[in-house]
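Starting from the known structure of chain Z, arrange chain B with the ligands on it as the hints suggest.
From first to last, the protein sequence lines stand for chains Z and B.
The first sequence begins at 10 in this note's numbering and counts up one residue at a time.
The second sequence begins at 10 in this note's numbering and counts up one residue at a time.
No wet-lab data here; the hints were simulated from the structure.
Warning: the hint list may mix true and false statements.
Which copy is meant is left open, because identical chains are indistinguishable; a pair holds if it fits in one copy or across any two.
DMTMM-like cross-link-like pairs, simulated, lysine to aspartate or glutamate; straight-line CA separation at most 25 angstroms [to be verified]:
{"hint": "1", "residue 1": "K10", "residue 2": "E160"}
{"hint": "2", "residue 1": "K95", "residue 2": "D30"}
{"hint": "3", "residue 1": "K173", "residue 2": "D20"}
{"hint": "4", "residue 1": "K88", "residue 2": "E33"}
{"hint": "5", "residue 1": "K110", "residue 2": "E134"}
{"hint": "6", "residue 1": "K10", "residue 2": "E165"}
{"hint": "7", "residue 1": "K21", "residue 2": "E98"}
{"hint": "8", "residue 1": "K119", "residue 2": "D20"}
{"hint": "9", "residue 1": "K95", "residue 2": "D20"}
{"hint": "10", "residue 1": "K21", "residue 2": "E170"}
{"hint": "11", "residue 1": "K21", "residue 2": "E177"}
{"hint": "12", "residue 1": "K84", "residue 2": "D133"}
{"hint": "13", "residue 1": "K21", "residue 2": "E165"}
{"hint": "14", "residue 1": "K88", "residue 2": "E74"}
{"hint": "15", "residue 1": "K88", "residue 2": "E160"}
{"hint": "16", "residue 1": "K119", "residue 2": "D27"}
{"hint": "17", "residue 1": "K61", "residue 2": "D20"}
{"hint": "18", "residue 1": "K119", "residue 2": "E160"}
{"hint": "19", "residue 1": "K10", "residue 2": "E33"}
{"hint": "20", "residue 1": "K57", "residue 2": "E165"}
{"hint": "21", "residue 1": "K26", "residue 2": "D41"}
Number of protein chains: 2
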Amino acid sequence: KVIRQVIFFPDKHIACKDFFDSVEGCSRIRCDFGHTTTGFRQLLSHIKSARKSIDVAVYCISCFEIANVVLQRHKVGVKVRVITDKSMEIAYGSQNHRFMKEGIRVHTNKTPFLMHHKFVIIDDEILCTGSFNWTSQAVTGNNESVVITNEPWTVEPFCAEFQKLWQETVPF
Amino acid sequence: KVIRQVIFFPDKHIACKDFFDSVEGCSRIRCDFGHTTTGFRQLLSHIKSARKSIDVAVYCISCFEIANVVLQRHKVGVKVRVITDKSMEIAYGSQNHRFMKEGIRVHTNKTPFLMHHKFVIIDDEILCTGSFNWTSQAVTGNNESVVITNEPWTVEPFCAEFQKLWQETVPF
Ligand SMILES: [Zn+2]
Ligand SMILES: [Zn+2]
Numbered sequence: 010k011v012i013r014q015v016i017f018f019p020d021k022h023i024a025c026k027d028f029f030d031s032v033e034g035c036s037r038i039r040c041d042f043g044h045t046t047t048g049f050r051q052l053l054s055h056i057k058s059a060r061k062s063i064d065v066a067v068y069c070i071s072c073f074e075i076a077n078v079v080l081q082r083h084k085v086g087v088k089v090r091v092i093t094d095k096s097m098e099i100a101y102g103s104q105n106h107r108f109m110k111e112g113i114r115v116h117t118n119k120t121p122f123l124m125h126h127k128f129v130i131i132d133d134e135i136l137c138t139g140s141f142n143w144t145s146q147a148v149t150g151n152n153e154s155v156v157i158t159n160e161p162w163t164v165e166p167f168c169a170e171f172q173k174l175w176q177e178t179v180p181f
Numbered sequence: 010k011v012i013r014q015v016i017f018f019p020d021k022h023i024a025c026k027d028f029f030d031s032v033e034g035c036s037r038i039r040c041d042f043g044h045t046t047t048g049f050r051q052l053l054s055h056i057k058s059a060r061k062s063i064d065v066a067v068y069c070i071s072c073f074e075i076a077n078v079v080l081q082r083h084k085v086g087v088k089v090r091v092i093t094d095k096s097m098e099i100a101y102g103s104q105n106h107r108f109m110k111e112g113i114r115v116h117t118n119k120t121p122f123l124m125h126h127k128f129v130i131i132d133d134e135i136l137c138t139g140s141f142n143w144t145s146q147a148v149t150g151n152n153e154s155v156v157i158t159n160e161p162w163t164v165e166p167f168c169a170e171f172q173k174l175w176q177e178t179v180p181f
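In isolation and in its complexed conformation, chain Z is listed as follows (with noise of 0.2 angstroms):
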């Protein structure tokens, strides 16, 4: 099945967790949260689908929820990497060091420059990229897109520049 989509942030809203995730659904009278669907939610559930592989290159990984997304997949056995920017050491909320002390490999670049992308590729097969760095201020504030695509001509050419990148990058 062939997966096009683009999505652009900012959501209107913070998608209601209990109307989405809980059996019991929202029982809220009034609910502060949203009940239709996200691009978050949408980019998640990529993230979520993963069977085998998750390989992440994003230069600033700051939003809680989808490390933990993430750390959901590492915990049953899908191969997470994680490549971020050196800045992310001391950089606010990083989840950096959340994801090493679970046993997930997170690399870092060693270079002057930035590590800039802003891309993860899912079992090899689904990739997400576009300007959203994992932090929460793009999801509910900033102007954002990602493109989100199986389509061989972008997903090889991203799986090739990751690998490359494994190897120029070093354990954080």
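Showing chain B with the ligands alone in chain Z's frame:
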């Protein structure tokens, strides 16, 4: 003709202007620049190909050489619109003032968040999108990626997003 390109930065070298752009070619015995094409040249070639319109939504524009190409197209009647983040008002090397002075319409966001897109649409037909800000550092330093395509499933939503952003943003 279908366009499907993926470009990764940093470029290994800066392309030799004489070799590529002058009638005489390069006459240096030892040339410090490159005589093979670069990702940067490929990106510029799409902007140079504009016949009708160039719609730019890029967080940071400080690269003199890309700005030159945009200005050249503006001068021959191509309809150019530029949206950057409002931080470009005070950013070092910002090309916004130069664009304005030459009569290009420039908008910035009025939200407290980032206009973090990094895309350009040429003639409503070709989309270049990715992690790449229009800075010199991004060309020869950073790890960056750009997807270039004319496939309608990507171009059309980005055109709609640009129109929406143009309404939401304000003259610089
Ligand atoms: Zn609810
Ligand atoms: Zn030369």
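Problem - Earlier hints that do not hold, by number - result: 2, 4, 5, 7, 16, 17, 18 and 19
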